[in-house]
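> Make the full structure from the sequences, and use the hints.
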Amino acid sequence: MIFQSAWKNFCRQGLRAILNILVAALTLVVAVFMVSLVNGFQDQSSKNLKKTDVAGGHYRLADFDILSPTEWEDFAFVTPPELKKISSDEKAEVLVQQGQIFPQNRFIPVQIRGIDLKQSLLELPLNSINSYKGDSIPAIIGTKMAKKSNLLKGDFVILKWRDKYGAVDAREIEIIETVRFVNPRLNDGVVWLGLKTLRDMTRRANESSWVTVKSDRGEIKGLSFLIPNVLMKDVIELAKHDRRNSMILWIILMLLCCISVFNSQMLNAFKRQKEAGTLLALGMTPGQLTRMFVLEGSFTAFGAVVLAFVIGVPFFAWFQTVGLDISHLKDSTIPVTENILLVFDPKQIVNCLVTATLMIVFASWLPARKISRIDPSRALVGKAF
Amino acid sequence: MLELKHVEKIYRVGVEDFHALRDVSLKIEPGAFLAFIGPSGSGKTTLLNLIGGLDRPSQGEVVLEGRSLADLNKDQLAELRRKKIGFIFQFHNLLPVYNVYENVLFPLLLNDEKESKVKDSVMNLIKRVGLEGLEKKKPTELSGGQCQRVAIARALVKKPSLVLADEPTANLDAENSRAILELTSELNREFGCAFLFSTHDEKLIQYVNRKITLDDGRIISDIDGLNGGTKS
Chain A
1 MIFQSAWKNF
11 CRQGLRAILN
21 ILVAALTLVV
31 AVFMVSLVNG
41 FQDQSSKNLK
51 KTDVAGGHYR
61 LADFDILSPT
71 EWEDFAFVTP
81 PELKKISSDE
91 KAEVLVQQGQ
101 IFPQNRFIPV
111 QIRGIDLKQS
121 LLELPLNSIN
131 SYKGDSIPAI
141 IGTKMAKKSN
151 LLKGDFVILK
161 WRDKYGAVDA
171 REIEIIETVR
181 FVNPRLNDGV
191 VWLGLKTLRD
201 MTRRANESSW
211 VTVKSDRGEI
221 KGLSFLIPNV
231 LMKDVIELAK
241 HDRRNSMILW
251 IILMLLCCIS
261 VFNSQMLNAF
271 KRQKEAGTLL
281 ALGMTPGQLT
291 RMFVLEGSFT
301 AFGAVVLAFV
311 IGVPFFAWFQ
321 TVGLDISHLK
331 DSTIPVTENI
341 LLVFDPKQIV
351 NCLVTATLMI
361 VFASWLPARK
371 ISRIDPSRAL
381 VGKAF
Chain B
1 MLELKHVEKI
11 YRVGVEDFHA
21 LRDVSLKIEP
31 GAFLAFIGPS
41 GSGKTTLLNL
51 IGGLDRPSQG
61 EVVLEGRSLA
71 DLNKDQLAEL
81 RRKKIGFIFQ
91 FHNLLPVYNV
101 YENVLFPLLL
111 NDEKESKVKD
121 SVMNLIKRVG
131 LEGLEKKKPT
141 ELSGGQCQRV
151 AIARALVKKP
161 SLVLADEPTA
171 NLDAENSRAI
181 LELTSELNRE
191 FGCAFLFSTH
201 DEKLIQYVNR
211 KITLDDGRII
221 SDIDGLNGGT
231 KS
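These protein sequences, in sequence, are chains A and B. Just so we're aligned: 314 in the numbering used here is position 314 of the first sequence, and the numbers increase by one with no gaps anywhere. Just so we're aligned: 78 in the numbering used here is position 78 of the second sequence, and the numbers increase by one with no gaps anywhere.
Mixed in with the good hints, there may be bad ones.
So the derived list for chain A, only partly shown, Cβ under 8 Å to chain B, looks like this [unchecked claim]:
#1 12
#2 278
#3 284
DSBU-like cross-link-like pairs, simulated, lysine-lysine; straight-line CA separation at most 30 Å [what the hints assert, rightly or not]:
#4 A/271 with B/84
#5 A/271 with A/118
#6 B/137 with A/274
Output of the computed footprint for chain B on chain A, the stretches with three or more beta carbons under 8 Å from beta carbons of chain B [what the hints assert, rightly or not]:
#7 3 to 10
#8 50 to 61
Please keep in mind that the hints were generated in silico from the structure rather than gathered at the bench. Since the structure is predicted, the reported quantities are computational estimates derived from the model, not experimental observations. Positions of the beta carbon are idealized from the N, C-alpha and C atoms, including for glycine.
Below is the structure:
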């Protein structure tokens, strides 16, 4: 009976009810869109990081820090037999050392990164190093690095480094390829060499800075295993930050929607005080009256959820065919290069829907509580407020 | 059935107290058909509101069927109204989203009655008040007199022991007023429930068998037409 009354009263609101539902539905669609876009961003960046650098994790010395280049030389280790024996499609040994290049009489500090060229765990376009027939040291650099240093394919440049025993050495290297890496961290500041070449140059036989593996191989004495989430901490933090920002925007939109529902309910309460007085006179309890008004407001929430599906599903389906163009970010340090697609997390969507529903129900409960406390004798003559 | 003991009602208007009712005491027997008469502001509506449990007296006591309304909380008062008291208002106060049938049915649904069980009695009552064929009409599609008949049916459908009618004919023309009064008079006899009117309509006063006159919140006369004597 209360449900039926609430439904009929809700329908009577006409355009006001429709507008409230529309605003709430659009807010829900925007919320799901924003959350899923951040997911898409995180998904693509972590996928790119995983396939070019992180894979299933790194074995490395405990205090190694990629952001402290002056310490790299102190944190190389001889690859232990437990890792050595892993096949090259499940591991990649990597050695990083500081160096400098001198293109056109300029001085540019670089990371010299040697990687096992037989590995197939990471997707790195370095195969041309294997097929090099020249007399120099073959090297590959990223397109951003090439642009910064004015180096082109086929150019020669002096590379200077220090070996394990502190001796400084320098040789000419040939840039055999400039490659666009999907991971911008590899696209700039890195000179790629074969692992064996770098080990020979630095007299670090069998040494690595880290060994990338497909999956955790258990504890290995002297080494720490860093899981992908630790290695991608900065990207995850960035996504978390974005998620927080989008949440703030969503809360603002949701509050506007709740104010609209609250406003409608207040107007209802004011306009329908005689009706409320009549219902109390007929024997409806204040609790039943509150439930009826809250239910009327709740129909906005349920209507919004339904309409959000009606609007959202085709919109999201279309969006997945075009994605969000982020070509303007290609030179940034964020590891995203392609169009971003939405990644839906059912738990997040349910959270959004439940939160929105609860907020709208709360917004309709506040005026309902007020009307249930009215003096019926005054409400009957329209003077309750 | 109903007893008011030294009832007073004081409203706060700004910084001053307004005495709507002053020391009102009276007894009403079951099946009574009486009217509270008096000018505007004499306390008629206030008295009906107190009897109906819509308001509480500032002093004194209202006792209905042996229960003091002062002892009842809001939910218990609602239950009392739901089961024992029917209301008829000047502007009929029908629920605008419901049609005639649903408006009459509504009090029964509030009493948790199943529609299938009470449908016939609702239809009979609609027929009895002369609205047969108009069951599906919404209040906006009815005349004032028809609306008031719906309100009467709504008040009687739960078979209350008391019907409170606040100026039921004030908004009707002479013919409709007469028809409504005849109908209520017949239903009073048929249903055996007490009808308490508040009115200043002289025509209505001719139909009742007891007239209680109020002025400035006091009962100044109580004439029982059936017994032909003054009670107080």
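> For every hint, state whether the structure bears it out.
Status of each hint after checking the structure:
no. : hint             : verdict
1   : 12               : holds, 5 Å
2   : 278              : holds, 4 Å
3   : 284              : holds, 6 Å
4   : A/271 with B/84  : holds, 29 Å
5   : A/271 with A/118 : violated, 78 Å
6   : B/137 with A/274 : holds, 21 Å
7   : 3 to 10          : holds (count 3)
8   : 50 to 61         : violated (count 0)
Hints 5, 8 from the earlier list are contradicted by this structure; the remaining hints agree with it.
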